[in-house]
Amino acid sequence: MKDLFFANVHTKEEISWNNLIEDILKTTTYSTFAHYSNYYQYFKHLIVSLLIDKPIILFDSDFTEHEINNLIKDSNLRNEIFCFNNFNIKSKNELIHKIVENNYKHWNIVLFTSGTTGLPKMVKHTYRTITRNVRVSEKHMNDIWGFAYNATHMAGIQVFFQALLNGNTMVQLYNLSPNDIKESILKYNITHISATPTFYNLNFSEDSIFYSVKSITTGGERLNEKIISKLKNIFPNAKIYNIYALTEAGSLLNSKDDKFVIYDPEKIKIENNVLYIHRSLLGDFNFCDEWYNTGDIVEIINNNPLTIRFIARDKELINVGGFKVNPYEVEDALKHINGIVDAVVYSKKSSVLGNIVCADVLCNINISEQEIRRELQKVLQEYKIPRIINFVKEIKLNRASKIQRL
Amino acid sequence: MEKQILEIINTVLSNRGKATINEIHSNMKLREDIGFDSLDLAELTVRIEAMFNIDIFEDGNVNTIGEILTKLSKK
Chain E
238 MKDLFFANVH TKEEISWNNL IEDILKTTTY STFAHYSNYY QYFKHLIVSL
288 LIDKPIILFD SDFTEHEINN LIKDSNLRNE IFCFNNFNIK SKNELIHKIV
338 ENNYKHWNIV LFTSGTTGLP KMVKHTYRTI TRNVRVSEKH MNDIWGFAYN
388 ATHMAGIQVF FQALLNGNTM VQLYNLSPND IKESILKYNI THISATPTFY
438 NLNFSEDSIF YSVKSITTGG ERLNEKIISK LKNIFPNAKI YNIYALTEAG
488 SLLNSKDDKF VIYDPEKIKI ENNVLYIHRS LLGDFNFCDE WYNTGDIVEI
538 INNNPLTIRF IARDKELINV GGFKVNPYEV EDALKHINGI VDAVVYSKKS
588 SVLGNIVCAD VLCNINISEQ EIRRELQKVL QEYKIPRIIN FVKEIKLNRA
638 SKIQRL
Chain P
708 MEKQILEIIN TVLSNRGKAT INEIHSNMKL REDIGFDSLD LAELTVRIEA
758 MFNIDIFEDG NVNTIGEILT KLSKK
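Chains as they are written, first to last, in the numbering used here: chain E, 238 to 643; chain P, 708 to 782.
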């Protein structure tokens, strides 16, 4: 198990570090475009780009040619170039050493943010910015990662570098069924998982307990106490970390619950309850001002040290006749109702009030719309209660495994 | 059509825990007679649009059942 680089129980792939090295040594051409249906191909392409110090652009597996052409106008970037192979790498340690010690002059990575409307935004990172949060040490040498993010997104890339530079095994969990995920954790004794709260919520039930997992990281969406409690039951030996990260900057804050302490007020500040980050923390994406408005709305819990909790993203608030509704607050209220497994709250245009609040709910028992409303009326103001409640068989996720607000 | 509008109105009323009604007629006022507030009107509009594919408030306010029926009959 120690020499395994990548595994996927669904496709039955098991690729050792030696297999990876042989595969890299056979590589003779290189293209900046990385667009695959297979995670291992992305990982190998990334490693080759690092070894030859050439840029890489990561496209989601499900991007169409049309989307790719719209995103990148310069078709020359797609051309394959001859890559002279004189790596002389014989072992995993030599491979990692070469990656760490490389003096990067040309390498950069282009990612696309997971915007839900319009074209995804392009963000470029250097080796320094993309690996800023990687922790390499003796204690991480035997970590086994459950890879639960899209391989082409910031969160997935952060897991990739954390695992790569420590010589760890990566086991794909993303896009697998709950049964395959369970099998993967048990078969490979996965010790670390990083995923969105929705991923944990939809793929794990509290009747399964996984003792091998020592670290659970989550982020990308607001974490609530119900999910924290569920995670503690399912992974009793795990420390739970909540990360606040942006594609534009990588990980910025971490916490063991839903409250974050800001230790560096010169680089992260709050103004009018909105979180701003200093440009020195950002990758390269056509941004000129000194401070970047994240669009994330926070409440200040404590001033010394400055402690915040995320409330919502500004653009996600639903304006109902002048009253702002936070979809997360409504989702939390729905998820606390007995029988509701998951819920997504979104707006629908209304010529009467501008917008009205709607919800899709996933239930595991029979519960009526009236019963749901009665429960909500106990905890929410009337304008926050969804006017349309749809009972659905699955909650749709977007390309970053986050809840899709329609 | 009247029967479907009555059903929608009663869905909106019962969703708010209000008493349902047995019949509707043209000069019934949505606010004063049926007791709708703006949230109810918004829900009514969305439900009617889902069923008849027409936004009854699109070109101005609607006050009575008769006005709803007129807008739907013009479709």
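Think of the hints as simulated: they come from the structure by calculation, not from any bench.
Hints may contain errors.
Said to hold, decoys possible - A few chain E residues that face chain P, going by a derived Cβ cut-off under 7 Å, partial list only: (1) I471; (2) V589; (3) L590; (4) R610; (5) R624.
What the hints assert, rightly or not - The calculated label-pair distances, taken between Cβ atoms and stated as ranges, are: (6) E304(E) <-> D766(P): 36 to 42 Å; (7) Y478(E) <-> Q711(P): 48 to 54 Å; (8) D526(E) <-> Q711(P): 53 to 59 Å; (9) K615(E) <-> G742(P): 20 to 26 Å.
Claimed, not checked - Below, computed lysine-lysine pairings styled on DSS-like, alpha-carbon distance capped at 25 Å: (10) K249(E) <-> K476(E); (11) K585(E) <-> K778(P); (12) K493(E) <-> K476(E); (13) K451(E) <-> K463(E); (14) K342(E) <-> K291(E); (15) K710(P) <-> K781(P); (16) K621(E) <-> K725(P); (17) K586(E) <-> K778(P); (18) K463(E) <-> K424(E); (19) K615(E) <-> K725(P); (20) K572(E) <-> K463(E); (21) K586(E) <-> K552(E); (22) K586(E) <-> K633(E); (23) K327(E) <-> K310(E); (24) K725(P) <-> K329(E); (25) K633(E) <-> K463(E); (26) K451(E) <-> K725(P); (27) K633(E) <-> K467(E).
The beta-carbon is built from N, C-alpha and C at its ideal position, and this holds for glycine as well.
Okay, the hints, checked on the actual structure:
1. I471: 36 Å, violated
2. V589: Holds, because the Cβ-Cβ distance from V589(E) to chain P comes to roughly 4 Å (cut-off 7 Å).
3. L590: 4 Å, holds
4. R610: Holds. Min distance 6 Å.
5. R624: 4 Å, holds
6. E304(E) <-> D766(P): 36 to 42 Å: Because 37 Å falls inside the window, the suggested range holds.
7. Y478(E) <-> Q711(P): 48 to 54 Å: 53 Å, holds
8. D526(E) <-> Q711(P): 53 to 59 Å: Hint holds: Cβ distance 54 Å, inside 53 to 59 Å.
9. K615(E) <-> G742(P): 20 to 26 Å: 22 Å, holds
10. K249(E) <-> K476(E): Distance of about 30 Å is beyond 25 Å: violated.
11. K585(E) <-> K778(P): 21 Å, holds
12. K493(E) <-> K476(E): Given pair K493(E), K476(E) holds - Cα atoms ~8 Å apart, limit 25 Å.
13. K451(E) <-> K463(E): 20 Å, holds
14. K342(E) <-> K291(E): Holds - the C-alpha atoms of K291(E) and K342(E) are around 9 Å apart, at most 25 Å.
15. K710(P) <-> K781(P): With Cα atoms ~18 Å apart, K710(P) and K781(P) stay inside 25 Å; holds.
16. K621(E) <-> K725(P): 18 Å, holds
17. K586(E) <-> K778(P): Roughly 19 Å separates the two Cα atoms, so the pair holds.
18. K463(E) <-> K424(E): 28 Å, violated
19. K615(E) <-> K725(P): Distance ~16 Å between K615(E) and K725(P) Cα, so the pair holds.
20. K572(E) <-> K463(E): Status holds; Cα separation ~8 Å.
21. K586(E) <-> K552(E): The hint holds at about 15 Å.
22. K586(E) <-> K633(E): The given pair, whose Cα atoms are some 20 Å apart, holds under the 25 Å limit.
23. K327(E) <-> K310(E): 39 Å, violated
24. K725(P) <-> K329(E): 70 Å, violated
25. K633(E) <-> K463(E): 20 Å, holds
26. K451(E) <-> K725(P): 52 Å, violated
27. K633(E) <-> K467(E): Holds, because 21 Å separates the two Cα atoms, which is no more than 25 Å.
Checked against the numbered hints given earlier, the structure breaks hints 1, 10, 18, 23, 24, 26 and satisfies all the rest.
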